[in-house]
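Let the hints inform the model, and build the full structure from the sequences given.
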Amino acid sequence: MHTQWRRAMAAAALAAFGTLAALPVHAADAPNSIRIGYAISLSGVNAQGAATTTLPGYDLWVHDVNAQGGIFVKEFNKKIPVEVVAKYDDTSSAETMLRLEEKLMTEDKVDFVLPPWSTGFNLAAAPIFAKYGYPDLAVTANANDEEQLVKQFPTLFFFLNQPIHFGQALIEVLNKYKNSGQLNNKIAMVSVGDQFGAEMSAGFGAGLKASGYDIVLQKSYPLGAADLTNEIKEAKASGADTFIAASYPPDTFMLTGTAITQGYNPKIFYTAVGTAFAEYGANFKKKAQGVMGIGGWNPALPGAMDYYKRQLAVTGHAPDGWASPVTYASLQILQQAIEKAGTLDRKKVLDTIVNGGPWQTISGPIDLKTHIVEHQWGAGQWQNGQFVGVSPTDMPGVKPFIFPKPSW
Amino acid sequence: MAASAEDRRRRRTRTAAAIGALVALVAVLATVPLLTSDYQLSFMVNVMSYLVLTIAWALFSGTTRLVSLATSAFFGIGMYTVAMSIKILPLYASFALAIVVGAAVALVVGVLTLRLSGMFFVIFSFGLSEMIRELMVWWEINQTHTMGRYVYVPFDTTMIYEHLLGLAVVVFLVGWLLRRSRLGIALLVIGEDETVARQVGINVPFTKVAIFIVSAMFMTLTGALMAPRFSFINPNFAFNPLVSFVVVIMALLGGLQKLWAPVLGVIPLIILSERLQTQFPFWYSVLLGLVFMVIVYFLPRGVTGLLEDIWKALGRPLALPRGFTGPLLDAWAWLSRPIFLPRGLAGIIEERWLKIMPRANEKR
Amino acid sequence: MAALLEVENLRKAFGGLVAVNDLSLAVAAGEVLGLIGPNGSGKTTLLNLIAGTIRPDAGKIRMAGEDVTRLANHLRVRRRINRTFQLVRAPPNMPAIGTVMAAVLYGAGERVRFKDAGYEAAGWLGEMNVLTKADRRFDQLTYIEQKRVELARALATRPRVLLLDEWLSGLSPSELEGGMSVVWSLAAQGIAVILVEHVMTAVRALCHRVIVMNAGAKVAEGRPDAVLRDPEVIRAYLGDEDA
Amino acid sequence: MPLIEVILGGVILGGLYALVAIGFNLQFGMARIVNLAYGEFLMGAAFAAFFMYTLFSINPIVGMLLSVPVSFAANWLIYRVLMLPLVRRARTRDDLEGQTILATFGLLFVLRGAATLAFTADNRYYNYLGVPLNIFGFTFAANRVLACVLACIFGGASLMVLNRTRFGTALRALNIDPIGAELVGIDVRGMAGLAFAGGGALAAAAGTLVSTFLTFNPAIGIEFTMKALVVVIMGGIGNMAGCLTAGLLLGIAESLCSYYVDSGLTLAVAYALFLIVLVVRPRGLFGTP
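Those protein sequences? They're chains A, B, C and D, same order as listed. Counting along the first sequence from 1, when you hit position 382 you're at 382 in the working numbering, and nothing is skipped either side. Counting along the second sequence from 1, when you hit position 87 you're at 87 in the working numbering, and nothing is skipped either side. Counting along the third sequence from 1, when you hit position 48 you're at 48 in the working numbering, and nothing is skipped either side. Counting along the fourth sequence from 1, when you hit position 37 you're at 37 in the working numbering, and nothing is skipped either side.
Think of the hints as simulated: they come from the structure by calculation, not from any bench. Given the structure is predicted, the values throughout are model-derived calculations rather than measurements. In this text, a Cβ means the ideal position worked out from N, Cα and C, and glycines have one as well. Certain hints may be false.
Covered stretches of chain A, going by a simulated chain D footprint (3 or more residues, C-beta under 8 Å) [said to hold, decoys possible]:
1) 36-44
2) 128-135
3) 225-237
4) 257-267
As structure tokens, this is what we get:
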């Protein structure tokens, strides 16, 4: 027994020593680059989302900035290249992500941290960004309580609409045809059982009811559902002219495929995340014509088409028609804010981001005074092989709406 | 009896020394927040939380040999109970509530699973965690119409760390006392042969459920303590099935033979994961998988086994008195040492405690 | 002679097979009751029913006047009924003394301090003459040592009724001698012993009374030499149906 | 929607579950190896079908002629190289289960990581046979029906092989008593290797069929593995009839729930059904105690 105790003690000491020894020592600062870091899901369930929407934008931006020789910082009176000194895999675990953000900010002491992917992760990371004063350009996040959140976390910025605004954008389209009698007031709505689906269906539902629509079918389905045939059949049987799905990419593809198979042709067919993906158009080709989706994009904006081609060439990944350009735009804002502030001091850069707008980006001018991008594409539509913005109708470059959706 | 008295005195001083050393170790660990950066502290929080989870897991699974994948269920119940009650209850009250809920669920589950064994139990516990997660998702979407809950409380990482450290000490003590108690020996017999256990008068269902509840309470409290760390919680964060798998892997990596063995599984695995995540982000999965396989094929007895082999190789003789009291004392030593685990999963079991076996003789 | 354990009209069927059919018996303190019959006649099932390993479909089991038919196995142990198994059973990875300690701690009724349990268990092993093997793992013991350890485990719960399932089978002649004296001494201490056995020398020498079973039912009962001459018993053993 | 249509939809979904589980059942029930990397072969076959279809326009069903034998060979190799040392080392069945779970957990990470590196983490989707098919006047997607039909064929064929052939009898002997099987002269390890490889081949077939209507990415494997585990455990380990029944029951339960209660509860109901079955029958539907 005594030997066993000694061994236990030795082991404990060894373990404690191992822990301390293994904690990394931070590297010395490199004044000849702007040090960027991020932790994002490279493996696990979130990897596909990050790989589609966010990572190519990060890669392209770094490539673009350095192709121009870097960002001009007045403080040093020269162009300083950006360098991704830390690129971490959060393995789709929120706990890991939080820890790695802390590592980026307190160990690696990078100059700027780019946000993780997904609403949940960004909301969880917001307190840490705020605590260490890092600008938090949380593109892939939206919530119904954004106003309150940005008050609580002064470094946080939202770029996509709030769920309720997506609802308003869609309803604006619907109203036009309902009022002219071309569309009945029945709605069939399904949503994915996740953060996103819950908030979207709540946001849509409230808006729709307020505008006098009758939601004849409302269902949620679990994340990773293997079959949505019943949902499409029920929607078909419900007599609704409008089908709305607050869906994620796998379900968006599955719902569309099932609707085609089942010959379900509502006048408005709306699916959410994934509709704007280039793969959607590539897969459904002509059948995508007239499908509505969340987000939108104006390819006619200055630099937009150029960006599209450049990302495809540099990263091999075509951007989607919604969050991808906004991701790139958010980084353009960061770049311009650093230039305008003339310093790498995060507090000053943060102030500049807030007050220095509007910023000219590939997504048009963006102002961040309220920390929330108010006026953004809410709904888009596939038109002749491109996903374009169709609502709100007062957006510059809005395209005329195709009504009704042609049969598959 | 002189030898025995001598031995008792020696044992007492050694126990005192060991306790003293442990107290010192805990004291050192308690001062960690003063010395480290925030990241290092959150690293230690991670270590501590998995340490508690793994030891708690071993309390039940190590003795009864039922591999439970319900860790994430109880961890999630703890976390989610806090998330749901934090607006109406003081923090510590919500921790207490979490423990009560966890214990109640464990009671029901324990009773339902009494007849299950082997893989049936493993997958039952997995299915249970997933069902709870799906139910919580559905509840949040359809009843509250939002899926996130914020836990903003003045309970910072330092507080979480200190509480987890305290919890680790408690779970360690519980394990230590358990192995020196009636209940501990009952669990051993149950783990080896339930029929015999009944035949020596052990109330098998009661004992199994009791230890399951104790184990679950620690897991639940860990989840509850981690809630303020997440600050934003949804069911998919809280009921992450990976936690269950990681805990099993850690326990098996450390070995189940000793109470402190999980330490040797938790720390290397966390360090390794962290290294891979940060230094080889794109190769994380491949490298982690390769490490697992190396462990299985080249280190079948876990890190503890490796350590013991090294220890033995250093040539420490294990002199124990023989004579009339010899067998008794040996048996006593056997009983008072942490559990002689089923050859279990981590590898080939030590053939005999008292015999020093060269590694070359090991049966492959 | 007042019966200590009484079994009334016990019945147990597995699917269509009636393993124990309407069987009654009684055994008194200090009595050795032999239970013989061809393989598959339901002897072990009967022991399982009495010990509480399985539950009967019908019938009653009374221990010292108390109805224990519905009691769980471990509670019957505390009512002083214990058994050994036909294929010796004990936790294979524990040292011999471990199981006996568990029996002392859980089966003996009065609360034994954990510290003292080891000494008491050692006493039981000593009584069974296997104290020197106390630290051995069960699967490292010889067959007879295993049997003795198992009996020590049963005795440590201080049984008043002891069910021995072929405890004397498979022993060499000298071991058998020792084993028989052990059983004899148990009866002499006032334990009621039910002995399932094929070794007829032991049955003849030890049993006060013998019950013969065939196809789940009792076919004969009485003094060993009388019963073993009974033509029905001989037919049961040698008959065409139950070969 | 009439009840019969809902049930029919459930049968088709259940067929998918059974299809995924059959190969796993061969590996777990016959070769006695809990292969957590099972789903990775499914995922691999899905990618193979995807690339063959999108790059070379090879019909996925024809493509199975390539992916199924490759998966068979790969799994046989895995058994010989990775599993046999564990089989030799293991002392008990529990021991073997534990060791193989750890080893295949590692393999799972390696394969998933390699797939992510090779194919990127993106979701993939293509549409093959996404045409309506009329069954009793109800419309279903042809690719889903095909998966269900093939599940029944594979399940039925395995059942026939297991119950009607010498080879099958030997395999069943493995499931019931490997030591006894060895004693009566069955080459236990050779047979187990073939069963394991056969399971891998079925995984590839399932993966190909699944890819015709489900979106997939390199991380999808574990979901199928766990689904297969649930189905196999629910049906009774090593029992093909149980496997089919359990798959169909889960599918029907999900379909009924999605129509009559709420789609959001389908998975919860499926797990609840699984748990109830285990509480009532601790060794699965067709398991023997």
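Hint-by-hint comparison with the structure:
1. 36-44: Holds: 3 residues of the segment 36-44 of chain A have a Cβ under 8 Å from chain D.
2. 128-135: With 0 residues closer than 8 Å to chain D, the segment 128-135 of chain A misses the three-residue bar; violated.
3. 225-237: Since three or more residues must qualify, the claim that chain D covers the segment 225-237 of chain A holds, with 10 doing so at under 8 Å.
4. 257-267: n = 6 at 8 Å, threshold three: holds.
Figure legend: structure checked against the earlier numbered hints; the only hint not met is number 2.
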